[in-house]
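Each chain is listed here by its residues.
2 protein chains.
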Amino acid sequence: MLNNASAITELKALLGERLSTSGAVIDLHAHDEAHFPRTPPDAVAFPNDTAEVSEIAKICHRHGCPIVPWGVGTSLEGHALAIRGGVTVDFTNMNKVLQIYDTDLNVVVQPGLTREELNVELRATGLFFPIDPGANATLGGMTATRASGTTAVRYGTMKDNVLALEVVLADGRIIRTGSRAKKSSSGYDLTRLMVGSEGTLGLITEITLRLQGQPEATSAAVCEFEDANSAVNTVMMAVQIGIPMARIEFIDADSITAINAYSKMTMRECPHLFMEFHGSEAGVKEQSEQMAEIAAEFGGGGFQWSTKAEERNALWKARHNAYFAMKATKPGALGITTDVCVPISQLAKAIDDSIEDIAAQGITPFILGHVGDGNYHAALLVEPGDTQAMKTAVGIAHRMNQRALAVGGTVTGEHGIGVGKMKYMAEEHGEAWNVMADIKRALDPGNILNPGKMVQIN
Amino acid sequence: MLNNASAITELKALLGERLSTSGAVIDLHAHDEAHFPRTPPDAVAFPNDTAEVSEIAKICHRHGCPIVPWGVGTSLEGHALAIRGGVTVDFTNMNKVLQIYDTDLNVVVQPGLTREELNVELRATGLFFPIDPGANATLGGMTATRASGTTAVRYGTMKDNVLALEVVLADGRIIRTGSRAKKSSSGYDLTRLMVGSEGTLGLITEITLRLQGQPEATSAAVCEFEDANSAVNTVMMAVQIGIPMARIEFIDADSITAINAYSKMTMRECPHLFMEFHGSEAGVKEQSEQMAEIAAEFGGGGFQWSTKAEERNALWKARHNAYFAMKATKPGALGITTDVCVPISQLAKAIDDSIEDIAAQGITPFILGHVGDGNYHAALLVEPGDTQAMKTAVGIAHRMNQRALAVGGTVTGEHGIGVGKMKYMAEEHGEAWNVMADIKRALDPGNILNPGKMVQIN
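Sequence lines, in order, name chains U and H.
For what it's worth, the working numbering labels the leading residue of the first sequence as 1, then goes sequentially.
For what it's worth, the working numbering labels the leading residue of the second sequence as 1, then goes sequentially.
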């Protein structure tokens, strides 16, 4: 803490008003969307450019002061919590689109820009950035978390959509990884090493992202099912056949009830698939029709599809607000969310097991999934202070993670490790977790970058 | 060398006849497809399983003896040359398909299996492994080189198609990276760190690969152009519009002449695009027609497309044999090939510059490219022993690499670094190259894994 104080004195001299120790600012950075205990940093820095980030790193490196990068705090696992104090580096001022390369289908941005802001800037170009985790997260945060979301089934995750990075290392050195070329076999893939490293290996100061052309046509569809199994089997079949779905979302019956209430919709209260197709006019029609046929085979009914933008937007807005819709069923409750990802052959059983386990505890099972990827979420609502309910919820989440590992899956498809999933790292990765620690030690020997996360060093 | 001798004695005790020091065997492993001087290893090991690979690593680790992994030797940059002697580990005996997970669209294989052998094994499943670098390389070699080829424009490179790995580290520890889940945000992406690391960070002993469903329909097409520029502009427009091409290959006029002679074809001797489309019956028709329209805008003529398998196979066989077709124009000549990758907006000029530079030296400019990715190759033929011609060819290749870097590209889209491109690592990666060395030191402190490649340690 004494070290941190010395660092903060130097940072104040560097940044002036843009180094804040005010209670209100610190408080804002003491928690994210997750349910973990508040952990205030000692100070919050607001750098304006890469050079300042480098200077911040150099100062903190000299003093052994922790640095925790911060986007907009939409993390669900506590990635950006300053669990060992130190300086939170808030990238709010580094939120520009630096250069759009429309012919190359890529763009260079600063990390504090959000994905929605980027898509607004891209409107005139006919291009868009497809990755959509729901929350309007910053692109720096999404990169650091290896985020994905509803469109990953078609466009991949952040690992597939980050071409190049500028990164400030623990000692303040600035490196560039990757290039604007679409592919390369030159050197170790430091870009992919940084993507998903949650601020523990470097501070991302510039991101080159792949873009997509707006599809000629887009259609959205919904379909009702009698049970989760039929919905998931429909998706498995569609994946097998190779229908190039742009979005394929499972929403269970209780979530539909909550969404109906929150978004003023009138869907039948049963498991649903929400879908989207991108392509030519003829292509999206063909995909929708194929999908309707497959759904019918598994007893799916009420299949409706539409190419109208307003209907489509209403559908995805409702999906994105699902978390708030669930929380609205129990005002004031904490939301415990957990996400896992399994090989798709294991998905139907995994979801069934989760629903059963949750229901057995007398809790409403809110289950949603990016099911084309084998990725699903459970949200559990707990009254603040109800330690018994919290224990029950944590137990449910724990068993869901354990089952995912048992069938060859992973404890997080997209939310990341943060503080919430550290307890599974040894089990999921075995000896490879020690290799991760070796890499951390090589790049951040002082363990100042988001210490206490991802790896166990000290 | 004394250290190597002690290691070899122990390896002989471990492997018996499967540790060879015979001249013929060593000679086979002293060169690959590239033009570099022969560098014989001290011995060649043929392990049968992961446990043996681990024992080999432990022995070599104790004695500081270099280990160089070997697939089938199709490398074009000398990756598998034992430039510091030691033991070449030949994965010929580890060539099995371990498990096909057809519902999950993935497969677990050993590294010595070739991509064609895999596709033969997959025939009954309706699935295929799409990555196609031309040569019938091993999947271990393709993983280690981050290979790609004609289909990368649609299906990505090895980085996009390797889900998980088993790797033996320098000290013999065995780790598993990734999982069979389609995505994960759990931990550092060690899978992607190993993909493309050219045997310098670990020995790959098991690979989990993504598979694709056989498309309902496939069509191939060819189109003629007056110049390279028009062909490349056609591709740039098709990429912009988002036509989901499965293959899009540029072949320059002189290469067409060579292919006509070698593969007994009668194409007009002018720049061509070879294409392939995957999708539904209606989809491939639509794509082919759209492509024909775009080509016509850029003066493309003689557009022909076909869904007949035999015509398609003949076309791609001719393309894959292009390298041999070129070499056949100058029997006995060495082929100097170099590949670079640039942002696609820079591709037309890059190819023009290369053609001009080569022609100015009085050499036949054989240029081919996976142009949908901005990736192209030059092949230069040199008589063995003609040092002046070799110097000229190396100069051409050098300028091509320099120009690629100057426009934000990379010195290799797919062939890798090996010994041929080490000289560009500092320029392409700057300070990031030092970070690569830090990672190498962390994982292989004794520098026994393919030493002298990728990074500069000692």
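Keep in mind the hints are simulated off the structure, nothing from the lab.
Certain hints may be false.
Since copy identity is lost for identical chains, a pair holds within one copy or between any two.
Below 25 Å or equal to it, Euclidean Cα-Cα: the simulated SDA-like pairs (lysine to any residue) are [unchecked claim]:
1) K58 to R38
2) K423 to S20
3) K264 to E431
4) K330 to G64
5) K308 to G362
6) K317 to T329
7) K308 to G16
8) K285 to I241
Status of the hints after comparison with the structure:
Neither within a single protomer nor between protomers do K58 and R38 lie at most 25 Å apart by alpha-carbon distance, with minima of 27 Å and 47 Å respectively. Proximity of K423 and S20 under a CA criterion of 25 Å is satisfied in neither setting, with 33 Å inside one chain copy and 46 Å between copies. Taking CA atoms no more than 25 Å apart as the test, K264 paired with E431 passes in neither setting, with 50 Å inside one copy and 55 Å between copies. In the homo-oligomer, the alpha carbons of K330 and G64 never lie at most 25 Å apart, since the shortest distance is 43 Å inside one protomer and 64 Å across protomers.
For the identical chains of this complex, K308 and G362 are neighbours neither inside a copy (40 Å) nor across copies (60 Å), given an alpha-carbon limit of 25 Å. In this homomeric assembly, K317 and T329 come within 25 Å of each other (Cα to Cα) only inside a single copy, at 18 Å, whereas the closest approach across copies is 62 Å. Taking CA atoms no more than 25 Å apart as the test, K308 paired with G16 passes in neither setting, with 51 Å inside one copy and 71 Å between copies. Both within a single protomer and between protomers do K285 and I241 lie at most 25 Å apart by alpha-carbon distance, with minima of 16 Å and 19 Å respectively.
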